[in-house]
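Protein chains: 2
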Amino acid sequence: MLSKNKIKFINSLFLKKNRDEQQLFCAEGEKCVLELLKTFECKILVATNDWLLSNSVHAEEIIIVENSEEIKKISFFKTPSPVFAVFKKPIFSFDIQDLKDDLTILLDGIQDPGNIGTIIRIADWFGIRNIICAEQTVDVFNPKSIQSTMGALARVKVHYTKKDSFFKQLFSSKINIPIYGTFLEGENIYSSNLSKNGLIIMGNEGNGIAEDTKKYVSKKLFIPNYPKGVPTSESLNVAIATGIVCSEFRRRL
Amino acid sequence: MLSKNKIKFINSLFLKKNRDEQQLFCAEGEKCVLELLKTFECKILVATNDWLLSNSVHAEEIIIVENSEEIKKISFFKTPSPVFAVFKKPIFSFDIQDLKDDLTILLDGIQDPGNIGTIIRIADWFGIRNIICAEQTVDVFNPKSIQSTMGALARVKVHYTKKDSFFKQLFSSKINIPIYGTFLEGENIYSSNLSKNGLIIMGNEGNGIAEDTKKYVSKKLFIPNYPKGVPTSESLNVAIATGIVCSEFRRRL
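Which chain is which? The protein sequence lines are D and F, in order. With my numbering as the guide, the letters of the first sequence map in order to residues 13 to 265. With my numbering as the guide, the letters of the second sequence map in order to residues 13 to 265.
Only chain D is shown next, with the shape it has when bound in the complex (with noise of 0.2 Å):
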């Protein structure tokens, strides 16, 4: 059973203070708690018993409910999935020379916890094992992104920097990897010449590539609408952009 002081703790990680302060984070549904039970060690997990008997699993701390009308208390969702998990925050290292061969996101800002938590799944989908966040970027560990990834995060690595100093760094690194950014006024995607190595940078929701970010870009890239020249939306959402621009890398190797 949950205890009051557990429903308090647990619903105070909603915000992300205490999650910092705890350095844990929560995840629900089925999938992704058993994908992320492979990597990260869970603090506490709540479940329903014909759960437990059904999944073998390791936590500090278990927490027997009688069923998923209990997790409500402690749920994001309006129907929680019979398991709850808490989960103590990775510390992912880097080391800016993993960007030398390998093609890495950097999030410019993105907002929404959905979009974040996509692009982790996509960066999984195809083999992008780092993805930076600049400042403005959501937090990754807000339950709707954990959500979103669908347990992507237990093999995609995500860092939260200042993109000055993450440039300067990479600048003064010298390893030489072109720098792409999505653009209305870039260049063709489709018939652009694109290395299997580079940094892939994708801007805010609303505004795109912020006006100080732009000066980094040294290559820009443009997703044609069709046909060309018909009044369409006025971009895509910034997952899909993410989407089809890595499918376009991956699918020249």
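Keep in mind the hints are simulated off the structure, nothing from the lab. Check the hints yourself; a few may be wrong.
No distinction is drawn between identical chains; accordingly, a pair holds when it is met within one copy or between any pair of copies.
Derived DMTMM-like pairs (lysine to aspartate or glutamate); straight-line CA-CA distance at most 20 Å [what the hints assert, rightly or not]:
#	residue 1	residue 2
1	K169	E246
2	K156	D224
3	K101	E260
4	K156	E217
5	K227	D107
6	K156	D124
7	K156	E246
8	K169	D107
Keeping the supplied structure of chain D fixed, place chain F upon it in accordance with the hints.
Structure of chain F alone, referenced to chain D:
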């Protein structure tokens, strides 16, 4: 000012049942409302005076509110925008012959309102004019879907139908088009022959294309993960997969 009755009426439209009965739907956000105003008849427009002064709009009834805070009473969102609109639901006409030379998407039980909205925005970007929604597919007129479309509904027609009667009609019409679907055991999409016309079936978030839909698919496609054989997420989010598939079809043209 918003009267109590008006608030009650607008809030009732959050339910599909009432939207269907009244043949109305709601939209929020400046970009979204402005796009929809170009195409759809607006029944009620609720906006701040400032917003109305800088936008020339037409509606059956215009309600001026003090500030965005007042819009909170009818808004689906935590941070409402300065404009909220109730539109008459469009009656989309549909002729099976429209599928002959065009690319069309069939949604086979998409459940997430954000996903269907994003898919309509993708369709708009790639010049896909018709989306067929089979049974179990979420209502595109719910506020979250409308928000995700970012106004693309002004250019993409969405049709709800039962899939068996749709396919019966399609096959008896003798417009012989390829029917594509994405499957984990499908053919590598990057090297597949893709036609410029045809039907693309996208399946449910958790279960993919339904068992009783599979028989209609004439060509199974697969978006390859990278690198081959390395463990990754089980699948891509359905909107992301739709974006990549549409991009691949249009790239060839």
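For each hint, the structure was consulted:
When the C-alpha separation of K169 and E246 is checked against a cutoff of 20 Å, the pair qualifies only between copies, where the shortest distance is 18 Å, while the shortest distance within a copy is 31 Å. For the identical chains of this complex, K156 and D224 are neighbours neither inside a copy (29 Å) nor across copies (32 Å), given an alpha-carbon limit of 20 Å. Proximity of K101 and E260 under a CA criterion of 20 Å is satisfied in neither setting, with 32 Å inside one chain copy and 38 Å between copies. With identical chains, the CA atoms of K156 and E217 are at most 20 Å apart both within one copy (17 Å) and between copies (16 Å).
In this homomeric assembly, K227 and D107 never come within 20 Å of each other (Cα to Cα): the closest approach is 23 Å inside a single copy and 50 Å across copies. Proximity of K156 and D124 under a CA criterion of 20 Å is satisfied in both settings, with 9 Å inside one chain copy and 14 Å between copies. When the C-alpha separation of K156 and E246 is checked against a cutoff of 20 Å, the pair qualifies only between copies, where the shortest distance is 19 Å, while the shortest distance within a copy is 26 Å. When the C-alpha separation of K169 and D107 is checked against a cutoff of 20 Å, the pair qualifies only within one copy, where the shortest distance is 12 Å, while the shortest distance between copies is 49 Å.
In terms of the numbered hints stated before, the structure departs from hints 2, 3, 5, listed from lowest to highest.
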